[in-house]
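Residue numbers (our numbering), protein chains in the order written: chain G, 6 to 124; chain R, 6 to 124; chain V, 6 to 124; chain H, 6 to 124.
Since the hints were made in silico from the structure, they are not lab data. Keep in mind the model is a prediction, meaning the values are calculated, not measured. Keep in mind that a hint or two might mislead.
One copy or two, it doesn't matter: identical chains are merged, so the pair holds either way.
[To be verified] Okay, derived cross-link-like pairs now, BS3-like style, lysine-lysine, Cα gap no bigger than 27 Å in a straight line: (1) K115 x K70; (2) K115 x K17; (3) K108 x K68; (4) K101 x K115; (5) K108 x K17; (6) K101 x K70; (7) K70 x K108; (8) K17 x K101.
Protein chains: 4
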Amino acid sequence: MPMNKDSLNNLKQRLAEFAADRDWDQFHSPKNLSMALIAEAAELVEHFQWLTQEESRGLSDEKLKEVGEELGDVLIYLVRISDRLGIDLIEAANRKVDLNSEKYPASVVKGDAKKYTEY
Amino acid sequence: MPMNKDSLNNLKQRLAEFAADRDWDQFHSPKNLSMALIAEAAELVEHFQWLTQEESRGLSDEKLKEVGEELGDVLIYLVRISDRLGIDLIEAANRKVDLNSEKYPASVVKGDAKKYTEY
Amino acid sequence: MPMNKDSLNNLKQRLAEFAADRDWDQFHSPKNLSMALIAEAAELVEHFQWLTQEESRGLSDEKLKEVGEELGDVLIYLVRISDRLGIDLIEAANRKVDLNSEKYPASVVKGDAKKYTEY
Amino acid sequence: MPMNKDSLNNLKQRLAEFAADRDWDQFHSPKNLSMALIAEAAELVEHFQWLTQEESRGLSDEKLKEVGEELGDVLIYLVRISDRLGIDLIEAANRKVDLNSEKYPASVVKGDAKKYTEY
């Protein structure tokens, strides 16, 4: 079956089929998926924990490949949990960007970047 | 400026502009973004920590809205860190699904779901 | 050198010497240690992510040993970061228990356990 | 009742009584406690996510107080989960230090600190 692998929707579909084919939906409660998601996020953190910020900006190709795999894993669980909860992920993120745009107007916070941590 | 808000690419674009407009790229090292990502993932976990799995499957509309916001936040940082690292997120996730399909063939693991935790 | 291994203070001492002997204090900024701490916490979460609560209460001896190692790792980074920040960990925890005792008086919340998640 | 608040054992005792008085043991499965632990660890991470390592070493008194509260919270859940699993936390941590001492002999890794991330 040919499949367009480009979109988030197709990824959602693939993951739903993957779980159904293996009878794994029983394990995929939102509670459990939130745990799997944070465990993958932590594997990402692990790659960066002893690096300086500068070093984290200049990863080797090998490291980049490994980090890419962790990012893929996080997206997998993020899409899966959203699907199980019936939440539109892209819409949710765009709504947050809308909110943040109001909360932190560029005209106010720009050039005041040193206070970023206090917003 | 009209903007199609549907795709992951547009979200990436919006977030890049959002950060540039505020001079915040300086804070957005991959190291820092991995920390922000896991902090958002933890807010998701917090919603589920005292619930049973069953309860996590039947959230109220109000809870669903809150959880949706956390999911949006996780996606925001996930897209942002991928962008900063030049990683194609959808491609990375699909590559992981390909790998997992080989690693856990449905014909082998199906019906053996109780051993899921040992795969 | 004989050493009483029983107390948190001795652990703090051992970890300080361990890092000094290896010239590792340079990596042990509070920022980095907070990342290492959460990465270890996530390894703990991973052990439980596909288990039911009931199963998590009845771990096999082998699992218990593995989980014990993760708990040890979390304590190591927790003690280390507290030491680097000059914070008395036991005092900090007891202060939080004091606060929580006022916040959640037994006479009020007892028997109302189902609402635990809303406190 | 007078209580020596200095030791980890006393903290364990206090927390057990706190939960019993409120009928909260039912929520304190190891699975749930691992989630609460990582959620607290993430609040710690949040304090440091936009700081440089240097800044994280020089927190203001006010920040230090807040960070101390998060550290206390992490210890509370760490002690609680260890108690529920019957694991001696100090012993577990000391065993890990023993293992790490063998794994990373000072004579080998010292002065080679730049490779720390690869150990």
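If any of the earlier hints don't hold here, list their numbers in rising order. Checked against the structure, the only hint that fails is number 1, while the rest are satisfied.
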